[in-house]
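Peer 1: Using the sequences and the accompanying hints, generate a full structural model.
Here the protein sequences come in this chain order: A and B. Residue numbering for the first sequence follows my numbering, beginning at 1 and increasing consecutively. Residue numbering for the second sequence follows my numbering, beginning at 1 and increasing consecutively.
Check before you lean on any hint, since a few could be wrong.
For chains that are exact copies, the list does not tell them apart, and a pair is met inside one copy or across any two.
Claimed, not checked - Quick list of in silico lysine-lysine cross-link-like pairs, DSS-like style, CA-CA up to 27 Å: (1) K221 <-> K85; (2) K130 <-> K154; (3) K366 <-> K51; (4) K298 <-> K366; (5) K124 <-> K85; (6) K154 <-> K124; (7) K136 <-> K294; (8) K115 <-> K298; (9) K124 <-> K99.
Rather than coming from a laboratory, the hints here were simulated on the basis of the structure.
There are 2 protein chains.
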Amino acid sequence: MQSFNPPIRTLMGPGPSDVHPRVLQAMARPTIGHLDPYFIEMMDQTKQALKYAFKTQNELTMPVSAPGSAGMETCFANLVEPGDKVIVCINGVFGNRMKENVIRFGGEAIVVEDKWGEAITIEKVEQALKENPDTKILAFVHAETSTGAQSDAKALCALADQYGCLNIVDAVTSLAGTELRVDDWGIDAIYSGTQKCMSAPPGLSPISFSKRAIQKLSNRKIPVTSWFLDLNLVMGYWGKGTKRAYHHTAPVNTLYGLHESLVMLMEEGIENSWARHKQQHETLKLSLEAMGIKFLVKERDRLPQLNTVWIPEGADDALVRSTLLNEYNLEIGAGLGDLAGKVWRIGLMGHSARNENVLLATAALKEVLSR
Amino acid sequence: MQSFNPPIRTLMGPGPSDVHPRVLQAMARPTIGHLDPYFIEMMDQTKQALKYAFKTQNELTMPVSAPGSAGMETCFANLVEPGDKVIVCINGVFGNRMKENVIRFGGEAIVVEDKWGEAITIEKVEQALKENPDTKILAFVHAETSTGAQSDAKALCALADQYGCLNIVDAVTSLAGTELRVDDWGIDAIYSGTQKCMSAPPGLSPISFSKRAIQKLSNRKIPVTSWFLDLNLVMGYWGKGTKRAYHHTAPVNTLYGLHESLVMLMEEGIENSWARHKQQHETLKLSLEAMGIKFLVKERDRLPQLNTVWIPEGADDALVRSTLLNEYNLEIGAGLGDLAGKVWRIGLMGHSARNENVLLATAALKEVLSR
Numbered sequence: 001m002q003s004f005n006p007p008i009r010t011l012m013g014p015g016p017s018d019v020h021p022r023v024l025q026a027m028a029r030p031t032i033g034h035l036d037p038y039f040i041e042m043m044d045q046t047k048q049a050l051k052y053a054f055k056t057q058n059e060l061t062m063p064v065s066a067p068g069s070a071g072m073e074t075c076f077a078n079l080v081e082p083g084d085k086v087i088v089c090i091n092g093v094f095g096n097r098m099k100e101n102v103i104r105f106g107g108e109a110i111v112v113e114d115k116w117g118e119a120i121t122i123e124k125v126e127q128a129l130k131e132n133p134d135t136k137i138l139a140f141v142h143a144e145t146s147t148g149a150q151s152d153a154k155a156l157c158a159l160a161d162q163y164g165c166l167n168i169v170d171a172v173t174s175l176a177g178t179e180l181r182v183d184d185w186g187i188d189a190i191y192s193g194t195q196k197c198m199s200a201p202p203g204l205s206p207i208s209f210s211k212r213a214i215q216k217l218s219n220r221k222i223p224v225t226s227w228f229l230d231l232n233l234v235m236g237y238w239g240k241g242t243k244r245a246y247h248h249t250a251p252v253n254t255l256y257g258l259h260e261s262l263v264m265l266m267e268e269g270i271e272n273s274w275a276r277h278k279q280q281h282e283t284l285k286l287s288l289e290a291m292g293i294k295f296l297v298k299e300r301d302r303l304p305q306l307n308t309v310w311i312p313e314g315a316d317d318a319l320v321r322s323t324l325l326n327e328y329n330l331e332i333g334a335g336l337g338d339l340a341g342k343v344w345r346i347g348l349m350g351h352s353a354r355n356e357n358v359l360l361a362t363a364a365l366k367e368v369l370s371r
Numbered sequence: 001m002q003s004f005n006p007p008i009r010t011l012m013g014p015g016p017s018d019v020h021p022r023v024l025q026a027m028a029r030p031t032i033g034h035l036d037p038y039f040i041e042m043m044d045q046t047k048q049a050l051k052y053a054f055k056t057q058n059e060l061t062m063p064v065s066a067p068g069s070a071g072m073e074t075c076f077a078n079l080v081e082p083g084d085k086v087i088v089c090i091n092g093v094f095g096n097r098m099k100e101n102v103i104r105f106g107g108e109a110i111v112v113e114d115k116w117g118e119a120i121t122i123e124k125v126e127q128a129l130k131e132n133p134d135t136k137i138l139a140f141v142h143a144e145t146s147t148g149a150q151s152d153a154k155a156l157c158a159l160a161d162q163y164g165c166l167n168i169v170d171a172v173t174s175l176a177g178t179e180l181r182v183d184d185w186g187i188d189a190i191y192s193g194t195q196k197c198m199s200a201p202p203g204l205s206p207i208s209f210s211k212r213a214i215q216k217l218s219n220r221k222i223p224v225t226s227w228f229l230d231l232n233l234v235m236g237y238w239g240k241g242t243k244r245a246y247h248h249t250a251p252v253n254t255l256y257g258l259h260e261s262l263v264m265l266m267e268e269g270i271e272n273s274w275a276r277h278k279q280q281h282e283t284l285k286l287s288l289e290a291m292g293i294k295f296l297v298k299e300r301d302r303l304p305q306l307n308t309v310w311i312p313e314g315a316d317d318a319l320v321r322s323t324l325l326n327e328y329n330l331e332i333g334a335g336l337g338d339l340a341g342k343v344w345r346i347g348l349m350g351h352s353a354r355n356e357n358v359l360l361a362t363a364a365l366k367e368v369l370s371r
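Peer 2: Written as structure tokens, this is what we have:
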């Protein structure tokens, strides 16, 4: 077995996205202890910067020491108690996973379905809330990575509030890529991933909990099933001041990477980051449409950072993708579920959302499709 | 907020330990997709090399995408079913955490206690097994990171087998640092961490499950509570061949680091790694004893890679540790629980187990203590 030297790819799938060399270099800095005063200072800065990225003042804002799926689980494990009724909106893979979480933690999942590729229909959710006045939580995906559809998180959170519910929001693909305002929109519990529009490697899941969410957590009748994800314990580790209770060993070097990506995000400005994703999407859209390629999601609900397009008639899905990968080192994503073999998912996330990437992707796709 | 440039420490606490520059450099290699054929090949190599490190042929051998605490939880979440009786040996912090896991997953914990700093008493465990013939699992810590005591994993597993139990073994601090033979000793479920004697950064937890353990997992009556750690799902992702079911996004760059540390382990040879830890321990022991410093654990049960010593009379615990850190960039560990303020934990783990580190630690300690 020899050292692994990966090929140099351009990552334009559904994530991970291209990681900036500054972030990669940060990962290689010398490991220090997770209780070292310098590490604790770095943790504090990371929390502050995540508040900036999420647009929140929530004290409980931090990265979970595991990928986005664990961030999702952190929200459901801590907030769903046995018997809780949870309305789950499903319009793609990740809504389904939320439902699975609700059930495993003993909740009752009320499903509101929309077609894959469409945004969540507000009226259907309101109907479900009316029919289930004892609902405790409304859970939905802001940016469905499986389809590229964006839902109206602001309206959904307002609706949940109107009916006396907490909300849980999946922002894995939206954070830093599209408008997201945790405090203004009244989001109670939110999780994201570092490997999408944050341009850091996968392995961490930023989360943020409102005071109302912490209140529900503090009033739980039985402990959180997961010891590792129990925020009552994790808060003692990521909490204020220099007196930290040991909980687990934080992934030190991965956190260096996230810290650097947050420094870069603050240099750019969060609104500028949203605008850049939008602008690159517009360029890509024009080029793809000029090639006769059509989008799955209607214009109003499209995520700029994840472009799901119908595979042109006659094109061999797997062959096109493997040719792009093998001959141009360009990764684009396949379809999932019923959309497998029918769509491609072209990501413009974080450091991947650049002029040169958009040019490369369209030119390479044009060349391969014309063979 | 500016880029974080950590101080250059020598890490001789209970972990994380010093990470070799080769491993740090590997972490900085360009991120590729977690479904890229090259990544899948790297995953396969990593699994093979972990089998080598664990001395096992277990097909289900892989790194969990989160720190050691999540590895512990993976074992308990998958193997403990509600009502299962589990004998948990407690002789330090991590035995306590095992008990907490058993309870949270609905099991009944039968506790066998030994004093902190002592090995687990085989006779007590046998007595508990006799008194509880319906016990399903025996759980214990091979190498207690909180005390530096090593227990006889071989004898404990043989005992479990004799009484028809499965076993769960915590090897967070033992893997690659002291003799450990998963197949020869009949270990059923084992978890470790990468940041101890593997000399990789924290963030991953290598695990291995025997066929018997997989059988219990497959026959579960209710699903595993955790979706993220459900091995029935994770196995589809880390499984054989190129057809992988997407489960979560693996921490790509952290896995580069683990892969490189495994390449280095194979270059050295696992037995040589055990011997190196032993040899460095012997040198450290002689030097410390010459300074009149005494060990907490009696010689027979001492872990070479974690040396817990009584703080000499008159020495100020916090002051000595902070002086070592601030003036010599040397980290040693504090005591935990009842041992806080009474002991230091001096780690000789992985890349930290080197002549130069032993010399530095003893010379610096001598200097600071003589002030």
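Peer 1: All hints are to be evaluated individually against the structure, with a verdict given for each.
Peer 2: To see whether the hints hold, each was checked on the structure:
Proximity of K221 and K85 under a CA criterion of 27 Å is satisfied in both settings, with 16 Å inside one chain copy and 24 Å between copies. Proximity of K130 and K154 under a CA criterion of 27 Å is satisfied intra-copy only: 19 Å inside one chain copy versus 60 Å between copies. For a Cα distance limit of 27 Å, the shortest separation of K366 from K51 qualifies neither inside one copy, at 41 Å, nor across copies, at 45 Å. When the C-alpha separation of K298 and K366 is checked against a cutoff of 27 Å, the pair qualifies only within one copy, where the shortest distance is 23 Å, while the shortest distance between copies is 72 Å.
Only within a single protomer do K124 and K85 lie at most 27 Å apart by alpha-carbon distance; the minimum there is 17 Å, versus 46 Å between protomers. Taking the shortest Cα distances, K154 and K124 sit within 27 Å of each other inside one copy (16 Å), while across copies they are farther apart (59 Å). For the identical chains of this complex, K136 and K294 are neighbours neither inside a copy (40 Å) nor across copies (57 Å), given an alpha-carbon limit of 27 Å. Taking CA atoms no more than 27 Å apart as the test, K115 paired with K298 passes inside one copy only; the shortest distance there is 12 Å, against 66 Å between copies.
Taking the shortest Cα distances, K124 and K99 sit within 27 Å of each other inside one copy (17 Å), while across copies they are farther apart (45 Å).
The earlier numbered hints that this structure contradicts are 3 and 7.
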